[in-house]
Amino acid sequence: MGSPPLFYKWSSKILPWLSIVSILILGVGLYWGMFYAPTDYKQGDVYRILFIHVPSAILGQSIFMFMAICGFINMIWRAKISGMMLKSAAPIGASFTLLALVTGSIWGKPTWGTWWVWDARLTSTLILFFIYAALIGLHSTIEDKTKADRAVSILSIVGIAIIPVIKKSVDWWQTLHQPSTFTITSSPSMSPDMYQPLLICVIGFYLFFALLLTLNLRNEVLEREKNKNWVRQLFGGLS
Amino acid sequence: MLPNLKVENLSSVRSEKVIFDNINFEVMPGQNIEIIGSNGSGKTTLLRTILGLINQDKGQILWLDDNDNYNKFRTFDCFYQGHQLGIKNLLTVYENLQLTKNSIGMPQEEIYKLLERVGLSNINDFAANLSVGQRKRIAVARWLLKEFKVYLIDEPFSALDDKATLLIEDLIKELNAKGCSFIITGHRPSNILASRMEI
Amino acid sequence: MLPNLKVENLSSVRSEKVIFDNINFEVMPGQNIEIIGSNGSGKTTLLRTILGLINQDKGQILWLDDNDNYNKFRTFDCFYQGHQLGIKNLLTVYENLQLTKNSIGMPQEEIYKLLERVGLSNINDFAANLSVGQRKRIAVARWLLKEFKVYLIDEPFSALDDKATLLIEDLIKELNAKGCSFIITGHRPSNILASRMEI
Amino acid sequence: MMQSSISDWLTIILRRDLIIAFRRSSTYITPLIFFLIVVTFFPLALGPQESLLSSLAPGVIWIAALLASLLAVETIFSEDFRDGTLDDFFISLEPSFILVFAKVLIHWLITGLPILIASMIAALVLYLPFESFIPMIFSLLLGTSFMSLLGALGAALSLGRSAILSAIIVLPFSIPTLLMGTSVISSSLINQDFSGYLMIMGAMLAIGIPGLCLLTVEALLLNYE
Amino acid sequence: MMQSSISDWLTIILRRDLIIAFRRSSTYITPLIFFLIVVTFFPLALGPQESLLSSLAPGVIWIAALLASLLAVETIFSEDFRDGTLDDFFISLEPSFILVFAKVLIHWLITGLPILIASMIAALVLYLPFESFIPMIFSLLLGTSFMSLLGALGAALSLGRSAILSAIIVLPFSIPTLLMGTSVISSSLINQDFSGYLMIMGAMLAIGIPGLCLLTVEALLLNYE
Ligand code: HEM
Ligand SMILES: Nc1ncnc2c1ncn2[C@@H]1O[C@H](COP(=O)(O)OP(=O)(O)OP(=O)(O)O)[C@@H](O)[C@H]1O
Ligand SMILES: Nc1ncnc2c1ncn2[C@@H]1O[C@H](COP(=O)(O)OP(=O)(O)OP(=O)(O)O)[C@@H](O)[C@H]1O
Ligand SMILES: [Mg+2]
Ligand SMILES: [Mg+2]
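Chains as they are written, first to last, in our numbering: chain L, 1 to 239; chain H, 1001 to 1199; chain Y, 2001 to 2199; chain X, 3001 to 3225; chain W, 4001 to 4225.
FYI, nobody ran anything at the bench for these hints, they're computed from the structure. One or more of the hints may lead you astray.
For the chain W half of the interface with chain X, some residues (derived, Cβ under 10 angstroms), not all of them [stated by the list, open to error]: (1) S4026; (2) P4031; (3) F4034; (4) V4038; (5) F4042; (6) P4048; (7) L4052; (8) S4055; (9) L4067; (10) G4160; (11) I4175; (12) G4196; (13) I4200; (14) A4203; (15) G4211; (16) L4214.
Ideal placement from N, C-alpha and C gives every residue a C-beta, glycine not left out.
Isolated chain L (complex conformation) (with noise of 0.2 angstroms):
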């Protein structure tokens, strides 16, 4: 599927399944974790935004690896699909990790009666954001796409070379000064009712990433290789 004639043929045919399944997974989980999960002794039915900020939380990274795979393997084989790839992952990345700045701020609200503290993990987050906002500035400033594809190759190179240390960091940043007054990490450990939707709300979330990825993806290969003859035949009568 490196070729890509070879993946628009290839996803053509994944991809009904792809949608069925990922709805699918996606939905039940869902629907497990807003309507039959039990309510949480403590916080109530807020607690419930969690089946959708966690996944995003844990999407927003994962992807970012992704795309710094995509980015390496264009950065030394130069294969094409590989950079389409890192520019279609780029924008569900950021999105996801808004997502889970989003989620996460509407539910500090009730919880710790404030949107935003200056929390380890939440800060990474929105360093991880920033970064994905980089990536997507300088990816839509390059008029050539091959070659925006290699720069934001680049940056994402670097940045699977330095989130580690920003995370680190940023964890030692906490303990250095007084710690917060709030944390997550020390929820109390999930009883079985919730942590089966929230992982199936995890595995629907990735699934769902395939889909959006397999679309955005289908989109760039056809933009890109609009006045190549496969693309021509495959519309041969509109175009």
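Guided by the hints, dock chains H, Y, X and W with the ligands onto chain L, whose structure is given.
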């Protein structure tokens, strides 16, 4: 004698547009190639492709090495003068010549002589104050800092007066005699001895 | 008919160096002046002095106003094209023409026609990708956006191929017929009808 | 007729420069993100305590604003100068004042305006109380405009080779803006009257628009002697 | 022979660019003054309590240093690119690595070094105890160098684009430097061991010099396709 550089079947595609196609020539030591074409025909692109500043599409560029083999990687330094002349406005005329790699180890008087030769007397003026032709003369003076096997010069004669044109023709002849070759571009044939090709 | 512009006894001194001295000419409507000189002889400086971009030293520049009087202050807009062409790399060819003062109120098709006339077909390319000659053609297309009494063009023919040279000669003739005058510079006489002066 | 041609021209300059600015950094989001990253630096370096941060918030926001206006300052005239576009402005018979004003406006639109928006998010994460939002916006509105005016003068002075010490000339004048802007917000924090500061900032702006624009024209003309 | 020619060339690049920077004084004076403005701002905003200021001093100095080093970032390659000098570097058979290294060094010399010197004044103004001067200098030495490396990468990636874009590329990655640099000084304030932080900063620099320089070469080459 073997050609220093062979260009075989070279073609260039930029943003899905074919700029030039199937270019072939050889550069023998001491001989010149003149590439003639209209505006936008791809002369600048060709020179930069030969130097590897622009990726080529098809064909190959072969460079002679010391063991008389041809390599795809460049084996010797070339001199390139593009449309941008690489002149720093905040340096004086003299400094613009002196603070370059090729002038390493060259004594001051030699540099003065070069500047005199290309007709620049105001060696302590800032380059910002120079006329366009005078800037071009600085660039020409740089040809003489060091000898190169191949000089690639983009439109050497534009923006210059007749005196400077003659001077350059002389310089090229002189460097040819030392075995240096020129690949130059232009819009119409010049007076230098060269094999001409249209692009 | 009165000359639109009279230059009397003009001289320029820059950093205590006399660049030119005692320049005299008159620009009659529909007639051209060609200023010929070697590199660094002061052609660019002269054009810019006439426009007031550089302070003059002695002499005067007199402009005709609507009441047939001569004024020391410029009374009408002129068109100036210097060595720098004022082309923005991040704009497309079309935008480079459209986003200028002179194109105010000009319909899109007119601009397309102008671009076609100067031989530019890639109207949606960014100017950054153009060749030097193609950039110059954009500048030439700007002559036609509006009619000016006097055009001051610094080296109109440099960096252009024969086709573009012919085109410009035609354009000048055409604009002359409408009563526009050109003051152009160059290193050797061109083919246009003009009174020539050495500098 | 003359009047309308000036405003037409102003529109064209604005459109052209905004298109270029947009292509150069493609999103309006870029300055916004920039501002937020700078703001994030402060809790990271100074510690996350709410009381400290909210007392520093006025200054932090103002320092970030100052940096943003300084970063983009150099480009105000340099490109037009280099490529010859600036010549056209001085050749035209219309007052060059217009040009400078347009350039200041553009600089403000690509730095000041995004900052104004970003400052609300910044205020939120720095625990600035809601009551101080309005004074903050007003002080930023006046202050960033003044910074753009000052920046234009600095850019004009440092054009080309006669680059005199523009920084030394411009930066000291940005200090009053910084102090006054901060005072507006911090006065509002402790429920003091801040209209005096705003008035001074407004007065500076009122004098600055004609005064600094004219000085900038003069500074630009230094490159045309 | 080959060896010596590289070092000769390095010297020439350094000399040339320093002469140019020196003649255009705003390149090195603006960061310096900006640094001092940010630093002096804090006593003005927070009042002169010695204990508060000296506890915040590490963070303040580091924020000011990082932000100041951003100011000159855009110019690292842009002029050489525009006037064709950059071509020469890629035409030459010597590794382009050299060029990038030289450019980083120059950026450091015109921003990092002045900041290093100014930081002593800053430390005095902020009542940082003398014992902390040495750790401060060392942390700034390592940290500003790393910033120059990052800045070169940002400048290369956003060549011909806006200063704000290069800033948002650079800033998020400079956070470890900020945190570690601050920790070095504040640990020294409370007599804790800070060598660990310095070691990490050193390690980042040691990896960064080859790694970031190579990536910068790659980024520059993107403009030559
Ligand atoms: C804007 C604010 C917030 C941000 C940026 C944020 C970010 C994160 C991140 C990055 C994770 C880690 C996901 C992982 O990799 O395991 C996470 C997990 C979590 N967050 Fe948040 N969060 C925020 C607010 C909140 C709030 C207000 C609460 C609840 C009071 C909360 C509760 C949780 C819980 C329970 C987890 C799962 C913990 C675990 O399994 O380790 N978060 N959040
Ligand atoms: N990146 C690019 N994308 C699209 N087209 C390009 C690109 N680079 C160059 N071109 C096109 O290639 C053509 C050749 O340009 P080039 O500069 O080589 O011409 P030239 O022969 O040197 O012309 P001149 O005599 O005017 O200098 C031009 O039409 C230009 O628009
Ligand atoms: N500010 C200045 N200070 C000193 N000398 C100057 C200044 N400006 C221009 N000159 C000198 O004036 C002379 C004329 O320059 P000008 O650009 O007018 O020449 P030109 O005739 O246009 O030459 P070309 O044909 O090369 O374009 C040059 O020798 C230049 O060095
Ligand atoms: Mg060319
Ligand atoms: Mg001239």
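inquiry  = The hint names G4196 (chain W) as touching chain X; please verify it with the least Cβ-Cβ distance against 10 angstroms.
reply    = At 19 angstroms from the nearest chain X Cβ, G4196 (chain W) fails the 10 angstroms test, so the hint is violated.
inquiry  = Quick check on the hint: P4048 (chain W) CB to chain X CB, less than 10 angstroms?
reply    = Violated, because the Cβ-Cβ distance from P4048 (chain W) to chain X comes to roughly 14 angstroms (cut-off 10 angstroms).
Hint validity - S4055 (chain W) Cβ closer than 10 angstroms to any chain X Cβ = Holds - the Cβ of S4055 (chain W) comes within 10 angstroms of chain X, reaching about 9 angstroms at its closest.
ask   = Taking 10 angstroms as the limit, does the beta-carbon of L4052 (chain W) come near enough to a beta-carbon in chain X?
value = Given a least distance of 9 angstroms, the restraint on L4052 (chain W) holds.
ask   = At a threshold of 10 angstroms, is the proposed contact between I4175 (chain W) and chain X supported by beta-carbon distances?
value = holds (6 angstroms)
key: Interface hint compliance - L4214 (chain W) to chain X, C-beta minimum distance less than 10 angstroms   = violated (26 angstroms)
key: Agreement of hint S4026 (chain W) with chain X interface, Cβ distance less than 10 angstroms   = holds (5 angstroms)
ask   = Should the interface hint for I4200 (chain W) be scored as holding, given a Cβ-Cβ cut-off of 10 angstroms against chain X?
value = violated (16 angstroms)
task = Against chain X, run the beta carbon of G4160 (chain W) and see if the smallest gap drops under 10 angstroms.
result = holds (8 angstroms)
request  = Against chain X, run the beta carbon of A4203 (chain W) and see if the smallest gap drops under 10 angstroms.
outcome  = Since the shortest Cβ distance to chain X is 20 angstroms, the answer is violated.
task = With a cut-off of 10 angstroms on the beta carbons, see whether F4034 (chain W) makes it to chain X.
result = holds (7 angstroms)
key: Supplied contact hint for G4211 (chain W), tested at 10 angstroms Cβ to chain X   = G4211 (chain W) check fails; min Cβ-Cβ to chain X is 23 angstroms, beyond 10 angstroms.
Violated hints, listed in ascending order, are 6, 12, 13, 14, 15 and 16; each of the other numbered hints is respected by the structure.
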